[in-house]
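Novice: These are the residues of each chain, in order.
Protein chains: 6
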Amino acid sequence: MFTIKRSQKFEYAHRLLNHPALCQYLHGHSGNAEVEIMSNTLDDQGMVEDFSILKKAMSEVLDLWDHATLLYENDPLISTFMLHQQRLYLFNEPPTAEVMARTLFNKLQDFFPGRVKRVTISETEKNQATYDRGI
Amino acid sequence: MFTIKRSQKFEYAHRLLNHPALCQYLHGHSGNAEVEIMSNTLDDQGMVEDFSILKKAMSEVLDLWDHATLLYENDPLISTFMLHQQRLYLFNEPPTAEVMARTLFNKLQDFFPGRVKRVTISETEKNQATYDRGI
Amino acid sequence: MFTIKRSQKFEYAHRLLNHPALCQYLHGHSGNAEVEIMSNTLDDQGMVEDFSILKKAMSEVLDLWDHATLLYENDPLISTFMLHQQRLYLFNEPPTAEVMARTLFNKLQDFFPGRVKRVTISETEKNQATYDRGI
Amino acid sequence: MFTIKRSQKFEYAHRLLNHPALCQYLHGHSGNAEVEIMSNTLDDQGMVEDFSILKKAMSEVLDLWDHATLLYENDPLISTFMLHQQRLYLFNEPPTAEVMARTLFNKLQDFFPGRVKRVTISETEKNQATYDRGI
Amino acid sequence: MFTIKRSQKFEYAHRLLNHPALCQYLHGHSGNAEVEIMSNTLDDQGMVEDFSILKKAMSEVLDLWDHATLLYENDPLISTFMLHQQRLYLFNEPPTAEVMARTLFNKLQDFFPGRVKRVTISETEKNQATYDRGI
Amino acid sequence: MFTIKRSQKFEYAHRLLNHPALCQYLHGHSGNAEVEIMSNTLDDQGMVEDFSILKKAMSEVLDLWDHATLLYENDPLISTFMLHQQRLYLFNEPPTAEVMARTLFNKLQDFFPGRVKRVTISETEKNQATYDRGI
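Residue numbers (the working numbering), protein chains in the order written: chain A, 1 to 135; chain B, 1 to 135; chain C, 1 to 135; chain D, 1 to 135; chain E, 1 to 135; chain F, 1 to 135.
Hints in this document: simulated from the structure, not taken from any laboratory.
Same chains, same label: a pair holds when it works inside one copy or across any pair of copies.
Derived PhoX-like pairs: lysine-lysine, alpha-carbon spacing no greater than 20 Å straight-line:
| id | residue 1 | residue 2 |
| --- | --- | --- |
| 1 | LYS55 | LYS126 |
| 2 | LYS55 | LYS117 |
| 3 | LYS126 | LYS9 |
| 4 | LYS107 | LYS55 |
| 5 | LYS56 | LYS126 |
| 6 | LYS107 | LYS9 |
| 7 | LYS56 | LYS117 |
| 8 | LYS55 | LYS9 |
Treat the numbers as computed from the prediction; the structure is a model and nothing was measured.
Next comes chain A alone, as it looks inside the complex (with noise of 0.2 Å):
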C-alpha cells in the first residue's frame, strides 16, 4: 500500500480550561499537522495524489487555525476576543492536540473519502497526538 505525508506547521494560541497545571493559562505553539492520505494504486503521475491537492485540503482547516485562538465553546475569554475581533477557533471539547487531530482528521474525510489513514498534531516537538480509522 502506497501512502503519502505532508506535514504543515501553524501558529496558534489556546489553554485548557481546568487543567491543574500550566496549561489552563493561556499560551502558545508551533504546531505541526502531519496527515496520511492512502491508495492501493497510483495514478497516471505516479502519486497518490498531488502533494499540492493534499497541501490545499490541510489548508482549509489549517489557514484558520494558524495565527489564532483555540478555544472550547464555553471560555470565558470568548466575548472579549469577540469584541476585539479576535480569530477564534471554537471547539464544544477542550483544544487538546488529541481533539484538534480528530477535528482534521473528519475534514479531510470530505476531500478524501475513506482514504485518510492518519492525522498527527505535534503540540511541540516532544508531545503528539495522533488520530487514525483504528485497525
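Use these hints to put chains B, C, D, E and F onto chain A, whose structure you have.
Specialist: Just chains B, C, D, E and F now, kept in the frame of chain A:
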C-alpha cells in the same frame, strides 16, 4: 576565545498591535532562546560556566515567558486577562522577537556582567532575531 | 483510535560485547525514547492521558538510563565501575536499542496496562529500534 | 514485534514530465530514505539485524541514486545526458517519491525476504511517500 | 546591535564541471538560504524589518532558484536545457554554495543597502557556505 | 569574506571527574562538531576548500573520538580501560565541550594555517561550546 551556548524552548502567546497582517491577532509560538556566554579562559572544571548555571539564569526569565501571554503594556486585552488571572508578561514596546532578545540579554547581564555575547529568540524555525554587544 | 506520543532524550554510555566492529568499545549516545499510548476514547480533559503523566512514567526508567552506563550483566568492566560508584543499568541481554525498547515497553505496561502501543529507541538520528504489541 | 529503522540521505535531480506545475522542470532534492525491517525475535547480538548490514543493503540502491539524475525512461533529456556521461537512474514510471519508495522496497526484499516492513522516501522535510506490505 | 535572520528552502539541481568527484554529475539538493539583516535601532513596530519584507526580498532570487537548474554559463548541457525550456539560472562561475551565497548577498544589498550582514547557503545539512561583509 | 562550515557527528562516552552533579558519572553523547574555514577569495572551483578536504581533516580527530571514551588523563578508570583494550582519547584537562573544541581547533590549524575561524562542539542539542580566534 571560548563561548558556550545553551538553548531552551518556551511556549507563549503574543500579538503585535497595529501589525498590518496576521500578527495583529493573538496567536502563539514554540519559541526558542539561545544564549551565548564568553570567556577568554576556562575554570578549574574546564568550563566557561557550568551549563546548569546558565540554565538557571535563563530560567529566571524563560519561566515567566513559558505558558504565558506576552503583550505590549498598552494592549486593550490586558484588563480582561488580569481579571481571569492569566500569566502575563508586559513590555513597554511591542513583544517582537527583537524586543524579547534584548530583554533577555539585559537580564542575563546581571548574572554574567560583560560576558553575555549574544541572545537569539526564534519565533519559528524560519524567523529569528538576535541582540548582541555590537562590535 | 487516539494515540499520544512523547519523546525524551537521555545521555548514556554503553558497549556491545562481541560486536565485530566499533560497537564493542565503550562509547555513548544522545538516545531518544518515543512512547505511544493509545485509547479509543478521550477523558474529560479531552486527552488520552495528560502528557505530564506519561512524562512521569517514562522517567521511572529514563532517569536511570540518563548519565549512566548500560551494560550486559556479563561485562567484565562492571566490577571496576561498581568500585568507582558509577551509575550502572544492567541487562541480561546485550544493551542494544532493540533490548532497551522492549525493556521500556514492559515497564510502561505497569502504568498503562494494555495501552502501550509502541516504544522506539533512537541510538542516533539514523538508527532506531521499535518494540510494539505485534498486530 | 521488533522493528529497526535506518535512514540515509541522498542528493538527486529529477523531474516529472507532464506535471502541471514546477515539478515538470529539472530540479533536485536532498532525499531521505527510511527503511524498516521487522522480526519477532532477536539474534544472539540482541538485534533484529546489525545496522551495518541494513546500511549495506540500502546502499545497493542509494549509491545509484546519490549525485545522480532520476528520470522516466521516456524523458527526451536522456540522450543528451548519456552523451555527456551523466549518472542516470531510469524508471518505467514517473520518478515520484511513491515510485522510488516501492522500487527501494522491492530491491530490499532480496536482502530481507518477507521482513521489509515499510520504506519511506522524503522528497523534502514536508513531503514524503511510503510503500508498505499493506495489512 | 539587532539582527534578524530568515531561512527559506529551495529545491534545485546543479553540477560542478571539472569537479574530481561525484559533484561533476548533475544532481540536486534541498538548499537552505539564511539571510541576516542588521540594525542598531528598532522601528515603530519594534522590528529590524518585518519578516514579510525580508521574505519578499529573498524570494526575488530564491523563486528563480527553486525547482530550477543552476549551472556555470559554459556548461555544455545548457543548449539542450534551453531547447526543452527548462528553468535555468546561469552563473559566470561554478554554482557552488559559496558563489550562490555571494550572489544572494549582492542582490539583497539592493533592498537593504549596507545592512546585509551575512548570507548562508546550506547544500546539505552538513555542508554550508557563508558570505559576509568581512570585519 | 567567505566561510565554509561542515558538521559531523560522533558517538562518545566521557565523564567529568569532580563534577558536582550527574556529569561525574560515565555517560555518553551523540556529539556534533562544526568547523568553519575562512578565505577572502575562492579557488578555481569556486570554493573556499572542497568539502571533502575539510571532511578528511576533521576525521583525523573525529575518527579517534567516535565510538571511544574521552577522559582526563588522571581518571582512575583508565588502567582498567587499557587492560580491556578500549578506545581511549586522553586530555590533560577535563573532557568538556570547551576543551574538545579547542583541541579540534588546534589540530585543524595544521591543515588550514590561520584559516580556522571557529570550532563548535555540541554535547547535546541544547548545550554547545565554541572556540574561535577571538576578534
